[in-house]
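Enquirer: This is what each chain is made of:
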Amino acid sequence: MDRRTKEIERVYRARYLAFKNALATVAGSHEAARDVVQDAFAEALRRREQFRGEGPLEAWIWRIALRIAIARRSAASGLPLTEVGEPALPEPDARPELGAALRRLPPRKRLVVFLRYFGDLSYAQIAEVCGISEGTVAATLAQAREELGRALGGEERTA
Amino acid sequence: MSSLDHAFDELASGIDDQDWGEVLARAGLRRPLRRLPVVVALLVAVALAATLGARRHRAGAAVPGPQRVERHVPNGTVRWLFAHEPRGESLAAAHIPLLSTAGSHWQPVRFARAVEPAPGVRVALTLIGKKGRNVCLTLYRPGLSAGGGCAFGLELRPFSWMTFSDVPDGSMVAGLASDTVARLRLFLPHGRSRPVPLVANVFAVHLSPAEYPSNLVAYDRSGRVIGRLVGDAPAVLKH
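Just so you know, the protein sequences line up as chains P and H, in that order.
Here this note's numbering is used: the first residue of the first sequence is 1, the next is one more, and so on.
Here this note's numbering is used: the first residue of the second sequence is 1, the next is one more, and so on.
Among the hints, a few may not be true.
Below 20 Å or equal to it, Euclidean Cα-Cα: the simulated DMTMM-like pairs (lysine to aspartate or glutamate) are [to be verified]:
#: 1; chain 1: P; residue 1: K6; chain 2: H; residue 2: D19
#: 2; chain 1: H; residue 1: K130; chain 2: P; residue 2: E9
#: 3; chain 1: H; residue 1: K131; chain 2: P; residue 2: E9
#: 4; chain 1: P; residue 1: K109; chain 2: P; residue 2: E134
Hints in this document: simulated from the structure, not taken from any laboratory.
Isolated chain H (complex conformation) (with noise of 0.2 Å):
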């Protein structure tokens, strides 16, 4: 093998993220599984809830903030994640038991990294499956038990999210950002707002039933909206 034949291995980008069930989706042959709740079906209900609430939300009352996306992205990636980088700490240093993080009873380990998106909340990033190509979300809170959930041929458009209400006072949206995103900001009733820290691409707000209608809004480096996120109060924050 000559040099230029070393070199060019060497710039070669060694990560192999292929899925074909994603090709045979963007294809029209299949619908992804987007997401597979393994804690609690209650996370499923809650997302459901909260969706069909922004659906709602869109068709009558004022969302606030942004009200498009101006740059529509193709699906992205976390590169640092399917890279294997020691971002954030270990589960260990973390004090988070392997097996307390979604998937990890059901598929094999392959990568796993704790980080802190807000005071007191910690999230677990598992790569799960026998490549390590599925992504397992688990978010830890002080005094409430472990929630989270896995997504086969992770869709980052540009993110993804889960809404856990057994918060006090509230509920609780974390979710995982594509390299894409710059930064988000969480539009609320009565013209406020607030930035919403992203750590190592994670992102977890915490939201009380006064501050819906709300609207996560994602931005590229140019400072365009390329994603948002409506949220209604979950129905069992209703009353």
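Just chain P, with the same shape it has in the complex (with noise of 0.2 Å):
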């Protein structure tokens, strides 16, 4: 097995339950996004030589998690690829002042609060999945935290 592959298998068994809890809120349930995690660890596999090494291993994964998720959504609701769809929790009746709130943010911010929240990103990592600057991140979940504890009747930590 070669260096990369171990690499691949490594950010697969400590970050699985991450990339499955996050990627379900784009893939619409935790049964589609155990499969969207499968497909997208056997691509990262397939396609090892192609990394190039320029960000973080476990970003690429991600960008290629997210393709697969948004794929699959967009062929299920007709939406073009570039959109990210409407990420929403995959059982809102759990929570549905949360799932409210989230519903009132734009979809990518509500993305970026996912990634963060289930997927367990860094403010950085998250930049590089989205491709927007850590600054955007930063406000981005400064804002949602404001919001999204308001709608939990209680008080967020903004910085």
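Two independent chains are provided; combine them into the complex using the hints.
Expert: Quick look at the structure:
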């Protein structure tokens, strides 16, 4: 087994649940997200020679996974591939107030929130995955925390 | 940790059903070991015979019912099983000894439930292995020995099955369907068909020799065909 395969496997074993939970918001369910995660890592393995090490390996795999999730959701909904669709909590009835507050955010901001809270990605990783600046990530999350915190009836730190 | 962190933690799925072997297989780097029969080698031979029979049929005589899959679904799962939800009965309530279940002598059993997919037919579903990710199915019928098998990297596209030939007057096909399957219907010669009940994702259908060739068809919630199992009579039933 080559070094890159081992690195991809290490990411998979350490971060599987984070991938599945975050991608469920795009794929629509945890079941569909599992399939996306499996296919994303399979594609990462097939294309491992193409990874040039210009950024973190995990961010590269996240981009592959998001592209697959968006493509499948787009195929099902007829949305163009350039759109992230409507990322949403896979089981919104569990926390309806949070689901409603999230729906008030623009889809791309929602995705940033999901990558942060479900994917546990750093600001730098989210910036890398979404192709935006770290400053935008920070501002988006600060705004989202305030809005979502209000919806949950509590105070959220904005720093 | 903030209330927002807590809220997202509550909503996250904690089901760690990762399977690196499946990833390697999807990447074309390794073939998964799909099924591991553990009770009797006969089951393997019968399943193989049924499969070969089905291939012969596909090449030749007409098969009843829908002829093609209308929607190809990805590999599915059985959510309640991997979430350890108490569907059906406990093995104790069903009077099934744990050590009679497939795979229990081989790997630790992490979860087990018994369901009755057809009158008088009980199926034990068990999750075995260090992380409880291998699924075993054991079939119990009155007056007959138990039989079953286990699967690594469970593939439910959209169902998995085994054929049991040691049934009086025919054979029995039993299996596990993914959550994607809304209903099953069995198509038989001469335009006959009948629904096949799904109980906690498990099905078991008896087939008499006159009911071959058969076509077990899986539908999604929209009524589209998502899977077929074309069966010819197992070799032991042919004369």
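Enquirer: All hints are to be evaluated individually against the structure, with a verdict given for each.
Expert: Okay, the hints, checked on the actual structure:
In summary, the hint linking K6 of chain P to D19 of chain H is supported, as the alpha carbons are separated by about 15 Å, within the 20 Å threshold. Only pairs whose Cα atoms come within 20 Å are accepted, and K130 of chain H paired with E9 of chain P is accepted, the gap being roughly 19 Å. A threshold of 20 Å between alpha carbons decides the hint, and for K131 of chain H with E9 of chain P the separation of about 18 Å falls inside it, so the pair holds. Our distance criterion of 20 Å between C-alpha atoms is met by K109 of chain P and E134 of chain P, whose separation comes to about 13 Å.
Figure legend: structure checked against the earlier numbered hints; every hint is met.
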